[in-house]
Every structure is written in structure tokens, then in C-alpha cells.
Amino acid sequence: MKQFGIFIRKELYHIFRDRRTLLILLGMPIVLVLLFGFAITNEIDNARIAVLDQSKGEMSQELTQRLVASGYFLIDENLWEVAEIEQHFREGKTKMAIVFPPELQENLRRNLPTQIQLIADATDPNTATTLINYASAIIGQYIQEQARGQAAPMQITTEVKMLYNPRLKSVFMFVPGVMTVILMLVSAMMTSIAITREKEIGTMEVLLASPLRPAMIIIGKVIPYILLALANTVVILMLGTFVFGMPIKGSLLLLALECLLFVITSLALGILISTRTESQQVAMLISLMMLMLPTILLSGFIFPIESMPLALQVISNIIPAKWFIIILKNVMLKGTGMEFVWKESLILGGMALFFIGASVRNFKIRLE
Amino acid sequence: MNDTTMPTTQAIQVESLSKRYGKNAQALSQVSFEVGRGELFGLIGPDGAGKTTLIRILATLLLADEGQARVNGWEVRRDYRKIRSHIGYMPGRFSLYQDLSVEENLHFFATIFGTTIKENYELIHDIYVQLEPFRKRKAGKLSGGMKQKLALCCALIHKPVVLLLDEPTTGVDPVSRQEFWEMLKRLKEKDITILVSTPYMDEASLCDRVALIQKGNILSIDEPGGIVSAFDKPLLAVRTNDMYRLIQDLREFESAHSAFPFGEYVHLALRNSIWPEAIHAYLAGKEHTGIEIKPAQATIEDAFMELMTQE
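Listed in order, the protein sequences are those of chains A and B.
Just so you know, the first sequence maps onto residues 1 to 368 in the numbering used here.
Just so you know, the second sequence maps onto residues 1 to 311 in the numbering used here.
Treat the hints as calculated values from the structure; they're not laboratory data.
Take every hint as true, because none was put in to throw you off.
Straight-line C-alpha distance at most 20 Å; calculated PhoX-like pairs for lysine-lysine:
(1) A/K161 / A/K249
(2) A/K2 / B/K159
(3) A/K169 / A/K334
(4) B/K118 / A/K2
(5) B/K82 / A/K364
(6) A/K169 / A/K249
(7) A/K161 / A/K334
(8) B/K82 / B/K159
(9) B/K190 / B/K118
Hey, can you work out the whole structure from these sequences and the hints?
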């Protein structure tokens, strides 16, 4: 036990004396969350638009006001000619242009089909789609109101309710995502680097030639990283909750246990990598290529799994992060308990056992 | 701790040990030797001779392909756990934690071997005294000699029965080298068996017995004096102003047995005794200037070179 204690203490010395790495480990989650929260966002706020009003009637005026009143749009300029539209886009001043046709008022009165043109700058397709959707919704609502009272043809109106994230905030997406990436990074990459470092500087040779049991060497090396990963979890959750208003509806205990489960799975992966590699650089490359990239791209963090090609959907099943993100969303946003995440938890647990088993098989009690 | 000593056995027994890396690299072939208790045994040979492989096998870090080895009576493959608890091992490369201080390193190694610095302090006292002023300094910031002394302390702190040192003096300045060997002499008096490898021939004379090793084969095992006296050819030290050409020319000399550079001289071993004047005349005929010829005392290096050419 005393041996174990000194081993962990030694490991903590390594971590705390490497100031730069420590700063990155503790600072990165904060930077990432703030970055995703403030800079990288799909939400639309005060997008600049141009209006070409050829009808010059009261309806087009009202519609324009409605758009502005929504808070999503800001009138950049009123145009006079069709030719101006393209020039405006080229100058990059506006994200979208609205063209009201001359016959707008007339057609609406007579209840004839009418067309309003929305032109968007699709160099940024996500923003363009979102803008068009917002504008269409506002216009559609207006037209319906106008048509009321008249003998309207049969109409179906849809009423949309966005559950669990009514305001469609992207924070709700990326907090679980960033948390997953950070935990993966700290647990898998840092431990694999820390263990291969001992091989590289030769201390592993001395440790092996000592009475320390291999399991003790490994557990002693990973425990500080478990603590570090959990500290990062707390920081990310606090930022998400207090800065971005992300709810944690489910039980905190369950959340903590699930995080621990994911950390253990990642650690086991890190250990497995370290048993197969001899240098820190190789360990880092493998961690980045085989763990970080799939975690970011295939876990559903940024790109929805449902819209991936079938092959990638199948591959996504073997990525621990996918299951962890599902668990996080369930527990944090929906407030569900173990009864709805037991399957995912079981999968993660199974993966952890598999990786630990493979690591034990691969660990060498000698140098070769 | 009843099993720590088995007085009937030798400290180290190696029996026809072979080890091969890959297909072609034969690191050790049929190596056999024994080291008695309390002996200071030197493993002398150039880089790539197989010294590190041999020490690693004894330290239970590598498995031999063939043959047997025992340390303190324990078989290296089966009883590796017992061996690991009772030997001190110092790898060829400095292998302590550079970001830990002198004191922290020593404390760490004492604890993982289940002991304390206090318990065995008298064993390392002589060495540690020199390190004491730097005990708060990070190991990475020590000089080469100091690093080796600290590594020796860490390998000794659990009072091992056998000490395995892989090239402990490589890359260390001459003064520290000498100090290091004096420390080994004192440890020997405390009944610790020491197996030490080195590429420096001059260190051979400091051992009780040495094994000359080359390309995985042991060429000779004897006391240093015995190895030197086995060299029975007349030996001369020669030097001229053109040393490079001198070696070539001496090797072509009809009475020459061998010629090897030795410091600022070339050691010339002769097949039969001839007058130095004959050599002088031969060299003058080859347009050498500044010719100096004097009789030389054979050293272990000459003996080693001789053994190597016989192979």
C-alpha cells in the first residue's frame, strides 16, 4: 500500500511539475466550451438582409416589419432594382435578399397564389438554410393571418414543439460533445503518453526490474488522470450550466457515475495503446488518429449519425463516445434515469472490460 | 527472508546462454561463466558485444533462447519475482526521474522496494554524502558523474544481494570514474556481489575477475593479471610523424604479428625477438620521420586485441 501511495505521489509530481501540459489540460476545456458557445454557433442573430420592394404596398411594409421585429433580421438596405441584388451579395453586405413582386397586394386580396422570392448567400449553406427557414416561417404565418376571415380553402397548419431544447440552442449539443472529447483526451491520450514516456526515458526498465507488480504500475499511473478528468468534467458542467444555461435534469450521481464509466473505458484504451507502442510520439499519433478523430467526427457530436452513409453508421457503433453522448443527452436534457440508459451503459462497460482484458494480455512483464 | 541466501550456490551461474534478435543478430552464443559470492566481476567488451543483453537476461528483463541462468540460486525465468526483489539493477542509460529531486528519487526507489532510506543508509552513506548538497536539485540537472552516483544509490537502497551494473562509467569524466570504482570496491567489502560491464579496458584491472566478450562470445575469463600474462609476445611501442601510414607499414613488416593504435603510440607485437634497429631501418626506408621505438608492457587491451584476432 505504501508502494502504491508513493507511486501516485510520484505521478502527481510529474503532472504538476510539467506546468505547460498542466495548463493545457486544465485550460483547454474552458477554452473549448467558450469557443463553441460563443463563436461557433448556428444560431441566427441580427442577420443583415436587403429588401427589394416592387409592390410598395402596405402588406409588403408590414411583412418587412414582422421580419425585423423577430430579432433575427436587420434591414441593411432597401433596393430599387433587381440588378442591385447581386452587387450587394458580392460586396458581402447581406446574407439574404427578399423580393416582393409588384402584384403582391393584388394577388393576396384576390386569394390568388403569389410568390415572394428569398435569395440567400449559400457560400455558408447552414446559415443560408436557417435564414430561409426563419423567413419562410414568418411570411407563412403572416399570410395565414391575412387569409383568416375569408373563405379559405382547406388548410393544414402544423404546430411545432421542440422538446428538451425548445429554443434549439446549440449549447445543448456541444457541451456533451466537448465533455466527451476532453475526457477522451485526458484519459486515453494523456495516459498512453505518460506510460510510453516511462518506456522512452528508460524508467520502465527499472520499474520492471523492481518488485512492483505490473498492475500496480499501471493503476498507479492512471489514478491521477482519473482525478484530472473528473475535475475537467466538473469545470465543463459548471460552465455549461452557469454561462450557457444548460440544464442538468437527471440525477447528478448518475451523471457522475456515467462519466466515471466513460473515463475508465478511455483509460483502458489509453493503456492498450501504450502496451503496443514504444514512444510518446507514436502513442500520441495513434491516440489522435484512432481516438480523437472518430470521437469528433463519428460520435454524433458534430455530424448527426442518422445522415451518415450506412458503413459509417455501422462503424460509429464501436466508438465509445457515441454511446456516452447518448447517455449524456438523456441524463442531462431529458432527465431520464438508469432505466433508459442501461443499454448504453452496458455497452460502455463491456468495451471497458474488453480493453482492460486486451491490455492485460498485451502488457509485458519483460522488455520484449 | 529465509530464502535470500543459499550459501552452497554461486551468486551468478550462467550456462550455455544464447540469445538472438531477429534472424541474423546473434547477441549471445553459448555463454557460460560463474560469479562467486562477494566477487567484483567485470564484463569487458566493445559496443555490441552482448554485454547489455547478458545483464538484462540476469535482471529478468529478457528471456534467453537457450541455456540457463541463475541469480542467487534462483532461475531467471521461473523465479523472476524473487530475483527482482533482491537484485539492484542499473541500466546503461540514465533511468531515473529527471523531474524529481535527488531526495525524491531515492525515497521513491526505497519505498517501492519496501524499505526506507534510513534503514540502509550506512550502505549508501559514502556515496550519498557527495550528493547531499544537491538533494533538492532535480536529477535532470545533475552532472553525468553525479547522475551515476545517484543511480547507484537508488540501485543499492534496498541492500541487494547482487548488483548488476550496465556500463555505469560510460560518458563519465575520468575523476568520477575513478571515484565510482572506489565505491564499488567498498561495496564488495559489504558482501555484495557485483557484475559490472564496461567498454573501457583500463577498468578491467580494477575487477577481481573479468570476462572478455566479443560478438556474443566469451573469449577469456581470468583474473586481470592472468589475462595480461597470457600475452607472451615481445611488444614495442612505436611512433612517427605519420601515424596513419605507420600502422599500415608496420602491418606489412615481415616480423610483425600485429599492430594496433594505443594512445599516441602504435603497439607492435612481434613474431620473434629482433633488434629495434631493424624496425628503425625498415621505417626509415619507408620515409618515416621522427621515429621513436621503445619496449612496452602488455596491457589487458593488448591481450584483448590478441584474443580478438585469434577468433
